[in-house]
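Based on these hints, arrange chain Z on the given structure of chain R.
Number of protein chains: 2
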Amino acid sequence: MSKIPYRITLSEEEIPKAWYNVRADMKTDHRPMLNPGTMKPVIESDLTPVFCTELVKQELNVKDRFIEIPEEVREYYKMFRPSPLYRAYALEKALGTPAKIYYKFEGGNTSGSHKLNSAITQAYYAKQQGLKGVTTETGAGQWGTALSMACNYMGLDCKIFMVKVSYEQKPYRKAVMETYGASIIASPSNTTNIGRKMLADHPDSTGSLGTAISEAVEVAVSTEGYRYVLGSVLNQVLLHQSVIGLESKIAMEKIDEYPDIVIGCAGGGSNLGGLMSAFMADKLSGKAKPYFIAVEPASCPSMTRGRFAYDFCDTGMVTPLAKMYTLGATFIPSSNHAGGLRYHGMSPILSQLYHDGYIDEARAVEQTSVFEAAKLFAKAEGILPAPESAHAIRVSIDEALKCKETGESKTILFGLSGTGYFDLSAYMAYNSGTMTDYIPTDEDLQTGFDMIPKIPGIQ
Amino acid sequence: MSKIPYRITLSEEEIPKAWYNVRADMKTDHRPMLNPGTMKPVIESDLTPVFCTELVKQELNVKDRFIEIPEEVREYYKMFRPSPLYRAYALEKALGTPAKIYYKFEGGNTSGSHKLNSAITQAYYAKQQGLKGVTTETGAGQWGTALSMACNYMGLDCKIFMVKVSYEQKPYRKAVMETYGASIIASPSNTTNIGRKMLADHPDSTGSLGTAISEAVEVAVSTEGYRYVLGSVLNQVLLHQSVIGLESKIAMEKIDEYPDIVIGCAGGGSNLGGLMSAFMADKLSGKAKPYFIAVEPASCPSMTRGRFAYDFCDTGMVTPLAKMYTLGATFIPSSNHAGGLRYHGMSPILSQLYHDGYIDEARAVEQTSVFEAAKLFAKAEGILPAPESAHAIRVSIDEALKCKETGESKTILFGLSGTGYFDLSAYMAYNSGTMTDYIPTDEDLQTGFDMIPKIPGIQ
Numbered sequence: 002m003s004k005i006p007y008r009i010t011l012s013e014e015e016i017p018k019a020w021y022n023v024r025a026d027m028k029t030d031h032r033p034m035l036n037p038g039t040m041k042p043v044i045e046s047d048l049t050p051v052f053c054t055e056l057v058k059q060e061l062n063v064k065d066r067f068i069e070i071p072e073e074v075r076e077y078y079k080m081f082r083p084s085p086l087y088r089a090y091a092l093e094k095a096l097g098t099p100a101k102i103y104y105k106f107e108g109g110n111t112s113g114s115h116k117l118n119s120a121i122t123q124a125y126y127a128k129q130q131g132l133k134g135v136t137t138e139t140g141a142g143q144w145g146t147a148l149s150m151a152c153n154y155m156g157l158d159c160k161i162f163m164v165k166v167s168y169e170q171k172p173y174r175k176a177v178m179e180t181y182g183a184s185i186i187a188s189p190s191n192t193t194n195i196g197r198k199m200l201a202d203h204p205d206s207t208g209s210l211g212t213a214i215s216e217a218v219e220v221a222v223s224t225e226g227y228r229y230v231l232g233s234v235l236n237q238v239l240l241h242q243s244v245i246g247l248e249s250k251i252a253m254e255k256i257d258e259y260p261d262i263v264i265g266c267a268g269g270g271s272n273l274g275g276l277m278s279a280f281m282a283d284k285l286s287g288k289a290k291p292y293f294i295a296v297e298p299a300s301c302p303s304m305t306r307g308r309f310a311y312d313f314c315d316t317g318m319v320t321p322l323a324k325m326y327t328l329g330a331t332f333i334p335s336s337n338h339a340g341g342l343r344y345h346g347m348s349p350i351l352s353q354l355y356h357d358g359y360i361d362e363a364r365a366v367e368q369t370s371v372f373e374a375a376k377l378f379a380k381a382e383g384i385l386p387a388p389e390s391a392h393a394i395r396v397s398i399d400e401a402l403k404c405k406e407t408g409e410s411k412t413i414l415f416g417l418s419g420t421g422y423f424d425l426s427a428y429m430a431y432n433s434g435t436m437t438d439y440i441p442t443d444e445d446l447q448t449g450f451d452m453i454p455k456i457p458g459i460q
Numbered sequence: 002m003s004k005i006p007y008r009i010t011l012s013e014e015e016i017p018k019a020w021y022n023v024r025a026d027m028k029t030d031h032r033p034m035l036n037p038g039t040m041k042p043v044i045e046s047d048l049t050p051v052f053c054t055e056l057v058k059q060e061l062n063v064k065d066r067f068i069e070i071p072e073e074v075r076e077y078y079k080m081f082r083p084s085p086l087y088r089a090y091a092l093e094k095a096l097g098t099p100a101k102i103y104y105k106f107e108g109g110n111t112s113g114s115h116k117l118n119s120a121i122t123q124a125y126y127a128k129q130q131g132l133k134g135v136t137t138e139t140g141a142g143q144w145g146t147a148l149s150m151a152c153n154y155m156g157l158d159c160k161i162f163m164v165k166v167s168y169e170q171k172p173y174r175k176a177v178m179e180t181y182g183a184s185i186i187a188s189p190s191n192t193t194n195i196g197r198k199m200l201a202d203h204p205d206s207t208g209s210l211g212t213a214i215s216e217a218v219e220v221a222v223s224t225e226g227y228r229y230v231l232g233s234v235l236n237q238v239l240l241h242q243s244v245i246g247l248e249s250k251i252a253m254e255k256i257d258e259y260p261d262i263v264i265g266c267a268g269g270g271s272n273l274g275g276l277m278s279a280f281m282a283d284k285l286s287g288k289a290k291p292y293f294i295a296v297e298p299a300s301c302p303s304m305t306r307g308r309f310a311y312d313f314c315d316t317g318m319v320t321p322l323a324k325m326y327t328l329g330a331t332f333i334p335s336s337n338h339a340g341g342l343r344y345h346g347m348s349p350i351l352s353q354l355y356h357d358g359y360i361d362e363a364r365a366v367e368q369t370s371v372f373e374a375a376k377l378f379a380k381a382e383g384i385l386p387a388p389e390s391a392h393a394i395r396v397s398i399d400e401a402l403k404c405k406e407t408g409e410s411k412t413i414l415f416g417l418s419g420t421g422y423f424d425l426s427a428y429m430a431y432n433s434g435t436m437t438d439y440i441p442t443d444e445d446l447q448t449g450f451d452m453i454p455k456i457p458g459i460q
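So the protein lines, in turn, are chains R and Z. 2 is the number of the first residue of the first sequence in the numbering used here; add one for each residue after it. 2 is the number of the first residue of the second sequence in the numbering used here; add one for each residue after it.
FYI, nobody ran anything at the bench for these hints, they're computed from the structure. It cannot be assumed that every hint is accurate.
Note that the list lumps identical chains together, so a pair holds whenever it fits in one copy or between two copies.
Claimed, not checked - Simulated crosslink set (DSS-like; lysine-lysine; CA at most 30 Å straight-line):
id	residue 1	residue 2
1	376	165
2	255	79
3	403	79
4	4	79
5	18	255
6	41	165
7	255	41
8	41	290
9	18	380
Next comes chain R alone, as it looks inside the complex:
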């Protein structure tokens, strides 16, 4: 065939008609979530007071490999999907590498990231259930922006607890969410019991994702007609995000390519889980052996240095417990501009796949080296990446440079999950040389590990 284009774009009709549920293929399913009251595996009725009923069914679905995407959701997807797969010709040239680098760009919508894929889906099911609204938390603001857009489409009220430090540092993110009609509350807030307790104990708290989750859940379960929605970690979210990987595989097939290495940043796991989906299916069935790398910040190293244990998903310890790689629910990472990667835990699915060796490697990278890569990428490819996505860029560049040494022409696929338009203060810090790195000591981490619950007979 002729030269591979810069952008491989599928037609609207090629948007997948079903999501891929990796759990149906996993050799070992992840351990069940536990009800924090009984410490027994959660059942549907434990979760329906918190989450939309259809989403609970998806959360617990271990048998269906494919779950149909509702026609109305697909119509909304068509407003911004299929997303393009880029061949990084300019980056390859800048690196002088024989590697072939591809990236799936999910930032080409107003929310600026892949989060919209799940936000629209969750808002759709909330609407179908006849709810009035939903609550959630947001850190960097990508998820909050996506959810505010989705709720606007569906005519739902949307209450967003925004980690206070982001609320104060990102007024423009807040402005976008408000333009779409969402209510934004700085967390910790005095609107919830958990927020008030946190403020009493730590009046100067700048907040954390874990606390914001606790507040959002509290409001959802105590308000008639509301449920809580979450932008990562959960099985349902990885399910919705599988559209990224499914599209990527179709696009690569069109140009007769298949990735040797698949690289994604991992905070709660929604981006990597989505990107790898179709390729993990091949790996689990033995059809292919792509090498998967999860990239995380050295400042919040849940996979590379965390424990594989049952832990709470939130700081307030009101959510079910999940078996996952965790730094402890009270771990509050040092200030790091990649707000979307500051979560203490990791998707149970990704945790299990990593534990079992299907995700081959987790790699922690430092912030300044991430921004060095971000800038190199921006200057070569023209797209300003989100700090989160730039973690994947860092490792993709490193792998491409290895190819340069060995002369191998590997095919690398990474996820460019979002743009950096709302992270320019971080770029300013990098440009001015004031950005620093932070790696927690073993002692720092021990404080969090000490808070991981010890459950007799379970861990």
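Same frame as chain R, now just chain Z:
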């Protein structure tokens, strides 16, 4: 055929191979620019000290209908083009209109607007000429961002005079330009004679595009190996931007559509000039009769209330004079968030086409009604528009609502020239109800008109 998709995307190979030069088809060419020293029509040697030589040739080219796009420029175009043509199904539904609304979205690149089309081209020719760098001005920052990306690609130095009010209000725009390696100077500055004079006369000046142009030109002509580049107004810029209209026509042909109405915002004219190109060709040759509407802010109404006269292109009165619709080179528009539409003049090509009736209508709209339209559009279509582009949205909505009254199913095409990611303070002002409108009085305008030079025998 089956249902028209949400996005009509061309293949890379369908990017035009030549720009369209509308001057070759105009019934009456625009009046020549005048050398401000001699008041005689400019010739190539008048302009080459200021502009790149090849660009001067394009500026003065009145005979070639098509000018080939260099292969290297097309390669850069492929990194972000073809841009998608959207069918605004959601907006149509929100309005309940029988009109069919299409928009060409030029904001899907990191510069956030159509400006990159000409920036890459101008930087390419500067590089071909062996220059060290270029100077320019930027208001809202769209052009400066595009040029900083383009100069980065070509390895050129880039000095940008940024209107002081934007420099102070848009630190993130500045951060993007600096990430791409440009030097940003707040204008008026003490680095030029014109800037120093302006500061001496008006120490508190927050700057204007006209002054920033004067400063950038001064530096270009007085620095070895530098030339000045401009993001709008000039013939060469409209030429490069013709790629927008050429692609739009190809895309519409694919779905068997043709616009009844073509709508674009017009500040200096590059967006509207680009969008209308291929359709204006049809109108000039008598093949079709699309109705063209130029939209401008009521606060800076050069076409609707300005004079059609020879005037300077800059406040410092050092540039050639152009016959155009103008409010006077000293006209400084009141604070208006659509920074890209605050220019006192208008492209000579568009001015002539409007004067001769080929652009059917110019319409001035007020800021709050523009943001009302911007928000309606964002909520329906999911894309947060730039304030400039939202002027075109306002009029497109108004035309679609007229169709609702009359029952006509007109086909409307408008230019969504950019995104609003860097204009969120304006959205915040609108959301909080503090945004106000401003319409200059006739007396306000007279002050500017009084400064339009009176040239014996010419006007």
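Is it within, between, both or neither when you check residue 255 against residue 79 at 30 Å Cα-Cα? both (20 Å within a copy, 19 Å between copies)
Could you figure out if residue 18 and residue 380 sit no more than 30 Å apart (CA to CA) within one copy, between two copies, both or neither? Classified as between; 25 Å across copies, 36 Å inside a copy.
30 Å Cα threshold - placement of residue 41 relative to residue 255: neither (47 Å within a copy, 59 Å between copies)
Can you give me the call for residue 403 and residue 79, within, between, both or neither, at a CA distance of at most 30 Å? Between copies only: 28 Å across chains, 38 Å inside a chain, cut-off 30 Å.
Please sort residue 41 with residue 290 into within, between, both or neither, judging by C-alpha distance up to 30 Å. neither (36 Å within a copy, 72 Å between copies)
Within a copy, between copies, both or neither: where do residue 41 and residue 165 come within 30 Å Cα-Cα? neither (34 Å within a copy, 63 Å between copies)
With identical chains, the pair residue 4 and residue 79 could be close in the same copy or across copies; at 30 Å between alpha carbons, which is it: within, between, both, or neither? Classified as both: same-chain Cα gap 27 Å, cross-chain 13 Å, threshold 30 Å.
Given identical chains, is residue 376 near residue 165, meaning Cα to Cα at most 30 Å, within a copy, between copies, both, or neither? both (28 Å within a copy, 26 Å between copies)
Could you figure out if residue 18 and residue 255 sit no more than 30 Å apart (CA to CA) within one copy, between two copies, both or neither? both (18 Å within a copy, 25 Å between copies)
In this structure, the earlier hints numbered 6, 7, 8 are contradicted, and the remaining ones agree with it.
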